[in-house]
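One-letter residues, chain by chain:
Protein chains: 2
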Amino acid sequence: MKIMILGGDGYLGWPTAMAFASKGHEVIAVDNYLRRNIALETSSEPLIPCPNLIERADIFQAVSNYKIKTAIADCADYLQLTNLFRDFHPDAVIHYAEQPSAPYSMIDFQTAQKTFSNNLNATFNLIWAVKEFAPECHIVKLGTMGEYGTPDIDIEEGWIDIEHNGRKDTFLYPRQAGSLYHTTKVLDTDLLWFYVRTYGLRVTDLMQGPVYGLSTAESDLDTRLLPNFHYDDIFGTVVNRFLVQAVAGVPLTVYGKGGQTRGYLNLKDTLQCVELAVDSPVKKGELRILNQFTEQFSVNHLAEKVQAVGNKMGLKVKIEAIENPRKEKEDHYYNAKHHGLMEMGLKPHYMTDEVVTKMLEEIIIRKDQIDPKKIMPRVKWNN
Amino acid sequence: MKIMILGGDGYLGWPTAMAFASKGHEVIAVDNYLRRNIALETSSEPLIPCPNLIERADIFQAVSNYKIKTAIADCADYLQLTNLFRDFHPDAVIHYAEQPSAPYSMIDFQTAQKTFSNNLNATFNLIWAVKEFAPECHIVKLGTMGEYGTPDIDIEEGWIDIEHNGRKDTFLYPRQAGSLYHTTKVLDTDLLWFYVRTYGLRVTDLMQGPVYGLSTAESDLDTRLLPNFHYDDIFGTVVNRFLVQAVAGVPLTVYGKGGQTRGYLNLKDTLQCVELAVDSPVKKGELRILNQFTEQFSVNHLAEKVQAVGNKMGLKVKIEAIENPRKEKEDHYYNAKHHGLMEMGLKPHYMTDEVVTKMLEEIIIRKDQIDPKKIMPRVKWNN
Numbered sequence: 001m002k003i004m005i006l007g008g009d010g011y012l013g014w015p016t017a018m019a020f021a022s023k024g025h026e027v028i029a030v031d032n033y034l035r036r037n038i039a040l041e042t043s044s045e046p047l048i049p050c051p052n053l054i055e056r057a058d059i060f061q062a063v064s065n066y067k068i069k070t071a072i073a074d075c076a077d078y079l080q081l082t083n084l085f086r087d088f089h090p091d092a093v094i095h096y097a098e099q100p101s102a103p104y105s106m107i108d109f110q111t112a113q114k115t116f117s118n119n120l121n122a123t124f125n126l127i128w129a130v131k132e133f134a135p136e137c138h139i140v141k142l143g144t145m146g147e148y149g150t151p152d153i154d155i156e157e158g159w160i161d162i163e164h165n166g167r168k169d170t171f172l173y174p175r176q177a178g179s180l181y182h183t184t185k186v187l188d189t190d191l192l193w194f195y196v197r198t199y200g201l202r203v204t205d206l207m208q209g210p211v212y213g214l215s216t217a218e219s220d221l222d223t224r225l226l227p228n229f230h231y232d233d234i235f236g237t238v239v240n241r242f243l244v245q246a247v248a249g250v251p252l253t254v255y256g257k258g259g260q261t262r263g264y265l266n267l268k269d270t271l272q273c274v275e276l277a278v279d280s281p282v283k284k285g286e287l288r289i290l291n292q293f294t295e296q297f298s299v300n301h302l303a304e305k306v307q308a309v310g311n312k313m314g315l316k317v318k319i320e321a322i323e324n325p326r327k328e329k330e331d332h333y334y335n336a337k338h339h340g341l342m343e344m345g346l347k348p349h350y351m352t353d354e355v356v357t358k359m360l361e362e363i364i365i366r367k368d369q370i371d372p373k374k375i376m377p378r379v380k381w382n383n
Numbered sequence: 001m002k003i004m005i006l007g008g009d010g011y012l013g014w015p016t017a018m019a020f021a022s023k024g025h026e027v028i029a030v031d032n033y034l035r036r037n038i039a040l041e042t043s044s045e046p047l048i049p050c051p052n053l054i055e056r057a058d059i060f061q062a063v064s065n066y067k068i069k070t071a072i073a074d075c076a077d078y079l080q081l082t083n084l085f086r087d088f089h090p091d092a093v094i095h096y097a098e099q100p101s102a103p104y105s106m107i108d109f110q111t112a113q114k115t116f117s118n119n120l121n122a123t124f125n126l127i128w129a130v131k132e133f134a135p136e137c138h139i140v141k142l143g144t145m146g147e148y149g150t151p152d153i154d155i156e157e158g159w160i161d162i163e164h165n166g167r168k169d170t171f172l173y174p175r176q177a178g179s180l181y182h183t184t185k186v187l188d189t190d191l192l193w194f195y196v197r198t199y200g201l202r203v204t205d206l207m208q209g210p211v212y213g214l215s216t217a218e219s220d221l222d223t224r225l226l227p228n229f230h231y232d233d234i235f236g237t238v239v240n241r242f243l244v245q246a247v248a249g250v251p252l253t254v255y256g257k258g259g260q261t262r263g264y265l266n267l268k269d270t271l272q273c274v275e276l277a278v279d280s281p282v283k284k285g286e287l288r289i290l291n292q293f294t295e296q297f298s299v300n301h302l303a304e305k306v307q308a309v310g311n312k313m314g315l316k317v318k319i320e321a322i323e324n325p326r327k328e329k330e331d332h333y334y335n336a337k338h339h340g341l342m343e344m345g346l347k348p349h350y351m352t353d354e355v356v357t358k359m360l361e362e363i364i365i366r367k368d369q370i371d372p373k374k375i376m377p378r379v380k381w382n383n
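Which chain is which? The protein sequence lines are G and L, in order. All the letters of the first sequence, read from the start, carry residue numbers 1 to 383 under this note's numbering. All the letters of the second sequence, read from the start, carry residue numbers 1 to 383 under this note's numbering.
Each statement offered as a hint is correct.
The list cannot tell twin chains apart, which means a pair is met if one copy fits it or any two copies do.
Derived DSSO-like pairs (lysine-lysine); straight-line CA-CA distance at most 30 angstroms: (1) Lys131 x Lys114; (2) Lys168 x Lys337; (3) Lys268 x Lys373; (4) Lys327 x Lys131; (5) Lys347 x Lys67; (6) Lys380 x Lys131; (7) Lys168 x Lys327.
No lab work stands behind these hints, which were simulated from the structure alone.
Extracted from the complex, chain G is given alone in its bound form (with noise of 0.2 angstroms):
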């Protein structure tokens, strides 16, 4: 197949480039170095430096002689796009390309505006990129659980059944997310759905949870190829963080009262869920919604976990809460649904405490170059 990549150069979308190629298949990255762009103007530079993307692909064809072709390309371009479209002919596109750091979205009205037209001109220019020069093209988009907020009733893969006064119907779930980051996905959403149903679009949602972890079966051939790992508070998830707060000797630094619950996911897994979904296409006008994660943990849970790893290990790992810089719940209910993948043949890396060791040791290698000022939150919601 022929697979095209948009924010092909990013923590997920580079080992996504380097699984399916590895696969077989046709593929090209592309990326507009946006959150490269946004670590240098936020001093978010990751742990391991990367290469770029060109030169990522020319190593990886040297280690495993299988090719990646690059774009250096703004997908919020329609130009740009489309001649790409022309170029490449895709089966399937799998789109990354959104500026991806709930922080940065909220600190004014510069990041804000800048996240609101990156994520939705792309989604908006790769519709009709595949109207226009793909109509039989999947689909495959990176939404968030973060679209769903934290309701009080369970969270159900895309959409809910409705009785409403004796009457019933069936809706995309309503959604409620905690940033304007998150809410560009939801507004993603919305608008892949009308389009898919006037203009029989495939696609799939996947909404993923914050995911984790460095090893692939691709970037554990050679260290220039690990994904960019960021512990900052920009982009760094919250796993991330945590452990190399750990190596690093400062405090896990829990956001409030920690309660706050999600879904997780090992980055192996999601390089399953995205191949799992590419691999079975939906049919010409289905939106095909899936809750991409393994298993829910609360913050407290998170810290407590690999502290208990950390302490194993000799680390003497702290937790200490601090004043939450977001506007979220800190203690709800949270039960979300996610068995498509599952039953799809997804094969979960669940979080044991070997998964956490194994990280713990690739950051204690690197542990000269952390920078923990990088760490603790410098963008509150409410400012």
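Position chain L relative to chain G; hints supplied.
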């Protein structure tokens, strides 16, 4: 009060500006002439030639002694919008500044993109302009009943209580619109709701049905003050189109089966509703959603109503079903609540035979200016 009207040159914006100025408010009408430009571009000029916004304001001042400030500015440009906020310091902003044509939004990439970009950026910029420069300001946003689509359950006013697996919560009523234009308003609502709960904005979102008519207390003062009355397939609402068809001696064109049911209202009632909303601002952090229409009709019912009145006036009105250019249910359940504005004091002007007669009389005077070529649908949803 200081009232800023975005889209102040529009079918609703201009009568709204006059109405508030006549009540003694300080009014600024802001417009970028997007609708005028699209009308030129698509040969969809209104039945009655309209002086430009600055001329209209001058004429209005000459005949009424009330002043309306004007600004030709683009709300999708943050600098232009915030400059107005710095100068004017509004207590309330009425936001009509959206590309309002569903068919136009469905022509091709360019028209879709223009709609998407104008509507979303105008709303996004307004949110930030209020947050940064007028945090106490009440935003009165025109949404549309079309956001709800045609669900098989009762349509509530903005919110719905959902009981699910033995638990309960309240959510934004699920939205599923029938055109990109209507979908941009769904996205507006999602965006407003996020920023209302995050930054404590005050927002009233009015879900309005199709509006008809050209008479208001102020527009009746001078024919040059009439609202821009469109009867074309791009900007004409169904009632205005039927009235003009009746006068022009061409059949009233019903799209498909004609069972499409919507809630309608008289232009005079739009003015009342917006005034009621402005007169009772919501508190900080509240998103009030009101369904703004006075009575429900099917398209067939409307056609028969215009036919009956027209025939009494000797017009020999025919009705003709044509292929539906849109993708919509033509026969469906529809029961939409609209208590809120009634409870706030709305006194409806229903579509009586007398009201239809007066509208037909206004159009008969201008019969020679009708171009029947503009009425038939030029845009198909599945092109």
